[in-house]
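Generate the whole structure from the sequences, applying the supplied hints.
In terms of my numbering, the numbers along the sequence shown are unbroken and rise by one, the last being 130.
Misleading hints may appear alongside valid ones.
In silico DSSO-like cross-links for lysine-lysine, where the CA-CA straight-line distance does not exceed 30 Å [claimed, not checked]:
(1) K36 <-> K25
(2) K36 <-> K71
(3) K53 <-> K68
(4) K25 <-> K68
(5) K71 <-> K53
(6) K36 <-> K68
(7) K71 <-> K25
(8) K53 <-> K36
Per label pair, the in silico range of CB-to-CB distance [stated by the list, open to error]:
(9) L114 <-> P63: 50 to 56 Å
(10) V118 <-> E57: 54 to 60 Å
(11) T39 <-> K116: 43 to 49 Å
(12) V91 <-> A31: 19 to 25 Å
(13) H113 <-> R35: 35 to 41 Å
(14) V118 <-> I50: 51 to 57 Å
(15) A33 <-> E112: 26 to 32 Å
(16) L109 <-> L26: 23 to 29 Å
(17) E112 <-> A79: 32 to 38 Å
(18) E111 <-> S62: 44 to 50 Å
(19) A67 <-> L114: 45 to 51 Å
(20) K53 <-> D103: 34 to 40 Å
(21) R93 <-> H113: 27 to 33 Å
Source of the hints: derived by calculation from the structure; they are not laboratory data. Each residue gets a CB set at the ideal place from its N, CA and C atoms; glycine is no exception.
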Amino acid sequence: MTAKNKLPIPVARAMRKLGTDMGNARRRRRITAKLLAERAGVSPRTMAKIEKGDPSVTIASYASVLFSLGMVERLSDLVDARHDVRGRELEEEHLPKRVRVPKSNRDGKKS
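Encoded structure:
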């Protein structure tokens with residue numbers, strides 16, 4: 020069974036879109052696939068796999084290509100808390116109703 024067969028369909032779709040978007044970004048910059056592969060330190064074959072969204076390619080290779088395209092900051096923001104709406108919603112569900120000052124701090128003493 021290949022890595023593609025193990026992926027949930029939405030993940031496979033997202034990988035294909037990522038590859039297509041990276042290929043489009045390369046073409047917008049008027050860079051050949053061979054030159055981008057060289058700059059990113061990957062083989063031309065790996066570059067072709069990346070542009071197809073092949074999940075067997077390491078995330079490091081995708082990151083190197085993004086870096087070479089000048090887009091690596093997007094990778095570092097993928098799961099940043101600012102973009103994690105669901106995570107923040109779950110966190111807010113467990114916030115205390117009120118906050119109390121510990122007894123040792125009520126009379127002005129530091130603990």
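Hint check results:
no. : hint                     : verdict
1   : K36 <-> K25              : holds, 18 Å
2   : K36 <-> K71              : holds, 8 Å
3   : K53 <-> K68              : holds, 13 Å
4   : K25 <-> K68              : holds, 17 Å
5   : K71 <-> K53              : holds, 15 Å
6   : K36 <-> K68              : holds, 13 Å
7   : K71 <-> K25              : holds, 17 Å
8   : K53 <-> K36              : holds, 21 Å
9   : L114 <-> P63: 50 to 56 Å : holds, 52 Å
10  : V118 <-> E57: 54 to 60 Å : holds, 56 Å
11  : T39 <-> K116: 43 to 49 Å : holds, 48 Å
12  : V91 <-> A31: 19 to 25 Å  : holds, 24 Å
13  : H113 <-> R35: 35 to 41 Å : holds, 37 Å
14  : V118 <-> I50: 51 to 57 Å : holds, 54 Å
15  : A33 <-> E112: 26 to 32 Å : holds, 27 Å
16  : L109 <-> L26: 23 to 29 Å : holds, 25 Å
17  : E112 <-> A79: 32 to 38 Å : holds, 36 Å
18  : E111 <-> S62: 44 to 50 Å : holds, 46 Å
19  : A67 <-> L114: 45 to 51 Å : holds, 49 Å
20  : K53 <-> D103: 34 to 40 Å : holds, 38 Å
21  : R93 <-> H113: 27 to 33 Å : holds, 30 Å
The structure meets every hint from the earlier list without exception.
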